[in-house]
Amino acid sequence: MTLEEIADFIGINCQEKKEITGLNTLLDSNENQLTFLENKKYLSDLKNTKAAAVLVTSENASEVPNGTIALICDEPYLNLAKISKLFAPNVVEMDGEKPLIGGGTKVMPNVYIGKDSVVGSDCTIMAGVFIGDNVKIGNNTIIYPNVTIYRDCVVGNDCIIHAGTVIGSDGFGFANTKDGKYIKIYQNGNVTIGNDVEIGANCAIDRAVFKSTIIEDGARLDNLVHIAHNCKIGRGSILTGQVGLAGSTILNAYVVMGGQSATAGHLEIAPFTTIAARGGVTKSITEPKKSWAGFPLFEHKQWLKLQGKISNLLK
Amino acid sequence: MTLEEIADFIGINCQEKKEITGLNTLLDSNENQLTFLENKKYLSDLKNTKAAAVLVTSENASEVPNGTIALICDEPYLNLAKISKLFAPNVVEMDGEKPLIGGGTKVMPNVYIGKDSVVGSDCTIMAGVFIGDNVKIGNNTIIYPNVTIYRDCVVGNDCIIHAGTVIGSDGFGFANTKDGKYIKIYQNGNVTIGNDVEIGANCAIDRAVFKSTIIEDGARLDNLVHIAHNCKIGRGSILTGQVGLAGSTILNAYVVMGGQSATAGHLEIAPFTTIAARGGVTKSITEPKKSWAGFPLFEHKQWLKLQGKISNLLK
Amino acid sequence: MTLEEIADFIGINCQEKKEITGLNTLLDSNENQLTFLENKKYLSDLKNTKAAAVLVTSENASEVPNGTIALICDEPYLNLAKISKLFAPNVVEMDGEKPLIGGGTKVMPNVYIGKDSVVGSDCTIMAGVFIGDNVKIGNNTIIYPNVTIYRDCVVGNDCIIHAGTVIGSDGFGFANTKDGKYIKIYQNGNVTIGNDVEIGANCAIDRAVFKSTIIEDGARLDNLVHIAHNCKIGRGSILTGQVGLAGSTILNAYVVMGGQSATAGHLEIAPFTTIAARGGVTKSITEPKKSWAGFPLFEHKQWLKLQGKISNLLK
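Protein chains in written order, with our numbering: chain A, 1 to 315; chain B, 316 to 630; chain C, 631 to 945.
It is worth saying that the hints were derived from the structure and are not from the lab.
The reader is advised that the hints may include incorrect statements.
Unchecked claim - Not everything, but these chain C residues come out facing chain A in the computed CB check (under 8 Å):
hint : residue
1    : I640
2    : N643
3    : Y812
4    : I813
5    : D836
6    : A876
7    : S878
8    : K935
Stated by the list, open to error - Taking lysine-lysine pairs in the DSS-like style, the calculated list, with each CA pair at most 27 Å apart, reads:
hint : chain 1 : residue 1 : chain 2 : residue 2
9    : C       : K862      : B       : K493
10   : B       : K630      : B       : K333
11   : B       : K421      : A       : K305
12   : A       : K305      : B       : K493
13   : B       : K400      : B       : K355
14   : B       : K630      : A       : K290
15   : B       : K421      : A       : K85
16   : C       : K862      : A       : K232
17   : B       : K496      : C       : K862
18   : B       : K630      : A       : K301
19   : C       : K862      : B       : K604
Each residue gets a CB set at the ideal place from its N, CA and C atoms; glycine is no exception.
Just chain A, same shape as in the assembly:
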């Protein structure tokens, strides 16, 4: 789709015929992608963007670097949302190749596997599983019944996905119009799961808005865990029952999160961090190998001491 067509779609004028292949963030966009600036906090990213074009208000248009075209509009984020629909793949592909299923793989009844998908060898795909279009699954992986894997997702070798889990559902993203309507930001990324990952029952792992939600090798997720879009779960991390992660949060390697603990979005948590059960993380944790607890969060020892102080109030 050309920039001209995109501009036309949102009702602004631009005669550039440049072909745009997708949407992305300021820093991750390549020379064929369109990006946006809504929040002045990211002005420095704007200066470093390599994007073909950027949706930007007139106020910030002068900061757009050479080589990037400014699409000047009043509500860049809302327009990005509208445009995201243009790049959304079909919910169900009509064309494409029959799925490839590797040798030794057992596919039970009532399984759906979409177009252009590949399942490796020696897997077990149990009854009621849905594997969407263009999904790649490695070797020796077990997918338990009634799991749903949305289109374009990737699952590695030697994984176990327990029943009812959903991989690749849409991240929770929308822009507001002035009259209180929400415009969906189509989540055109995917979920990429490494090797030797085990995921419990009835989890929900959202696909990325751009690029990938990532679960690295060796991670272990218990039941009813919620992973929002664009998170990264580092190698060997352990997330126990009912943990919830808001969007774009990065767990580095070997982070352990206790039951019902949670993080806010856009955080980074240092390797070998432990969050106790019910801990609620609202700021990034930069120092590795420490234990934290509570909401607000304290170092675990401090939290225990604080609870003693609090209970003294009863005396």
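Assemble chains B and C onto chain A, guided by the hints.
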């Protein structure tokens, strides 16, 4: 079913042949419905009931208004539970018409659509979806794989329901017998979802005991959200991951609830209220447009101040 | 499998030909089972074991009782994990008898019922349900759509299992290697559910590592409840929405847990205990019929008083 038959079923005497069509609350019952009074708190409702008959203890029988028949018994709530089974529709209808599927609607394999159900035009019903009997689904709605929609529920136009979500499961309702047995209160209501609603993966939205659990136009629910019976989610409300609502709570328009926040039952929350992540609401909120946090709940600014005071205890 | 073969599998020497039929804890092992001692806390259990053999470090080998063979190794727990795979049944049985379905039972389309399974009479098994191999289901039980019941589990009479719930998924168990790899402990137990149990939508109830996760007669579980491996939910207990139990915790009869409340693992909670919404239990509760709240947990009245004291900090 006549009142006489109902009375006979619970072992009390009543010779009225009046036809009863269902059960309802004191205030919502019409002249063909049966209601009950267990808790004296609702005596004023009893005085205003239009019900055909009311299950009531002898102590409160004198308060039953003219035109309503008193069915006097020791345990009105327990008897209501027993009677609720008489009005429960079949789990699976044997008779009824084949479902109607609108033009342009794609129904994938391994989908079940029940008797007397109607799916509008231009919908996508993905593999593994269960749509029960007498369900109505509007136009241009996408239902992702392995979603279950129980009988009698209604979903509007332009909705997106993500994989694994359950709509219309029974509300959590039962009465106790004196010897510690629970008698199920059959949940004979439904769930009604408006237009332009998006619901995340692996949510659970219970049907009403009477009437409807309601999700109004434009609402957005993230993953793993729990909505108990008879709640109402107001227009444009946003419920993020792992939020839980207890029964009969009303969110007015544009309420925002952060991750893992929750409400007790039978509350009403004013329009444009924001509940921060982990907030726990135990009283109704009457003033609109305020932000709240914590459990117990405080105004957000007060909560932040309080956390500062609490952490000072460590000094 | 003989002890010699097992020892060989983990690279230690033992020439005993004794046939081993499975793995179990120190106290529950019978004379044909293998057990392990990792933590000195259980030395007294070691002295009382009736196991055929025990994985034990050289340091503790002298405490192994007569009649039990010591398999001396450096990392007993890690070796137990490795051995657990040898005793894991097939994910899907190839042989075995066709399932038996009782009279009056309705099985809807797109249902899978495994080998050697038995479904009683007058049940309703709705579309999309998966019932694994060697499952036993009693009479008059309703299983709603897209429920998954893993192999070897047992469900009683007069039960209702709501849509999307998973019964018998693997407990969250693994041992660490020194180089940061997790070795799965195969969960060779099952889930056993009594009579007259109702379980809400999208719950996850893990199978036991050894023996059974147990849900006793009359229990009621709401939606999105997480029960970890080897828990026992006592008769008539009530677990409301989004409750989570960590492994091996025992609720005695008629325990009530409010919304989003949780327990740590390896606890025992006295009969008729009430845990308020959001309560977090980290120690066993020995006195019956008391009410508790908060995290850390206090008696409910004390917790309310404490919240008053805390809010006074704002003055």
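For each hint, the structure was consulted:
no.: 1; hint: I640; result: violated (20 Å)
no.: 2; hint: N643; result: violated (30 Å)
no.: 3; hint: Y812; result: holds (6 Å)
no.: 4; hint: I813; result: violated (10 Å)
no.: 5; hint: D836; result: holds (7 Å)
no.: 6; hint: A876; result: holds (6 Å)
no.: 7; hint: S878; result: violated (14 Å)
no.: 8; hint: K935; result: holds (6 Å)
no.: 9; hint: C:K862 to B:K493; result: holds (24 Å)
no.: 10; hint: B:K630 to B:K333; result: violated (73 Å)
no.: 11; hint: B:K421 to A:K305; result: violated (60 Å)
no.: 12; hint: A:K305 to B:K493; result: violated (45 Å)
no.: 13; hint: B:K400 to B:K355; result: holds (25 Å)
no.: 14; hint: B:K630 to A:K290; result: holds (21 Å)
no.: 15; hint: B:K421 to A:K85; result: holds (20 Å)
no.: 16; hint: C:K862 to A:K232; result: violated (35 Å)
no.: 17; hint: B:K496 to C:K862; result: holds (19 Å)
no.: 18; hint: B:K630 to A:K301; result: holds (14 Å)
no.: 19; hint: C:K862 to B:K604; result: violated (44 Å)
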